[in-house]
Amino acid sequence: NAGVMQNPRHLVRRRGQEARLRCSPMKGHSHVYWYRQLPEEGLKFMVYLQKENIIDESGMPKERFSAEFPKEGPSILRIQQVVRGDSAAYFCASSRQYEQYFGPGTRLTVT
Amino acid sequence: GESVGLHLPTLSVQEGDNSIINCAYSNSASDYFIWYKQESGKGPQFIIDIRSNMDKRQGQRVTVLLNKTVKHLSLQIAATQPGDSAVYFCAENRMKTSYDKVIFGPGTSLSVIP
Numbered sequence: 071n072a073g074v075m076q077n078p079r080h081l082v083r084r085r086g087q088e089a090r091l092r093c094s095p096m097k098g099h100s101h102v103y104w105y106r107q108l109p110e111e112g113l114k115f116m117v118y119l120q121k122e123n124i125i126d127e128s129g130m131p132k133e134r135f136s137a138e139f140p141k142e143g144p145s146i147l148r149i150q151q152v153v154r155g156d157s158a159a160y161f162c163a164s165s166r167q168y169e170q171y172f173g174p175g176t177r178l179t180v181t
Numbered sequence: 077g078e079s080v081g082l083h084l085p086t087l088s089v090q091e092g093d094n095s096i097i098n099c100a101y102s103n104s105a106s107d108y109f110i111w112y113k114q115e116s117g118k119g120p121q122f123i124i125d126i127r128s129n130m131d132k133r134q135g136q137r138v139t140v141l142l143n144k145t146v147k148h149l150s151l152q153i154a155a156t157q158p159g160d161s162a163v164y165f166c167a168e169n170r171m172k173t174s175y176d177k178v179i180f181g182p183g184t185s186l187s188v189i190p
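If you read the sequences in order, they're chains A and B.
When we follow the numbering used here, the leftmost residue of the first sequence carries the number 71, and every step to the right adds one.
When we follow the numbering used here, the leftmost residue of the second sequence carries the number 77, and every step to the right adds one.
In case anyone wonders, no lab produced these hints; they're calculated from the structure.
There's no promise every hint is true.
[Claimed, not checked] The calculated DSS-like cross-link candidates involving lysine-lysine, where the alpha carbons are at most 27 Å apart (straight line), are: (1) A/Lys141 x B/Lys177; (2) B/Lys147 x A/Lys141; (3) A/Lys121 x B/Lys177; (4) A/Lys114 x B/Lys177; (5) B/Lys144 x A/Lys121; (6) A/Lys132 x B/Lys177; (7) A/Lys132 x B/Lys147.
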């Protein structure tokens, strides 16, 4: 079985551009979670989604960040008008119910 | 406030020795605790978990101990190997009605000296 897939693995954006990060959950998993990890730090919860629904976005910045998990296709984390402080590794995890499996992450660099 | 934190940011051990990684938590309402291993350039990988009603759980070469009295969690790795070099995170899991909310600590970097 394929694990959680994320792409791109590395993304470079200039300040003010948009970043789109994709996450394909494991087969049979309908729960998706996004986390952000700054260098030398732990993972910070951002948002939890089920198909077509945002369940918990308490960790998501109020502006510029959005997430979706459409009926068909991967989950998307979208960051508009990126700033240098958005540079981080963004991890997606999926679960069928409780145990979360993590993807390899997307490393975003804002120049 | 709520937090899950680690006592030591780095740990170096000789190959073959046992490793002990410690973690303190502040929220006694957590349902269970998880240890993750994160190798360089990869996502976290589940190692072992322990429910809040237990005080010890053993896996393959790993043991997790939970002391609820002092809100302390530890991960013991027996006969540490070079492949164990990674950052280890403890995390607390607060099971909500339909999903888990995982709160990660800052991590301990384990280096194994050959």
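Evaluation of the provided hints:
With a CA separation close to 23 Å, the supplied pair A/Lys141 and B/Lys177 stays within the 27 Å bound. Of the pairs offered as hints, the one joining B/Lys147 and A/Lys141 is violated, with about 42 Å between alpha carbons and a cut-off of 27 Å exceeded. Restraint check for A/Lys121 and B/Lys177: satisfied, since their Cα atoms lie roughly 18 Å apart, inside the 27 Å limit. The suggested pairing of A/Lys114 with B/Lys177 holds, with an alpha-carbon distance near 11 Å, which does not exceed 27 Å.
The hinted pair formed by B/Lys144 and A/Lys121 fails the criterion: a straight-line CA distance of about 37 Å is larger than 27 Å. The suggested pairing of A/Lys132 with B/Lys177 holds, with an alpha-carbon distance near 19 Å, which does not exceed 27 Å. With a C-alpha separation of about 33 Å, the suggested pair A/Lys132 and B/Lys147 falls outside the 27 Å cut-off, and the hint is violated.
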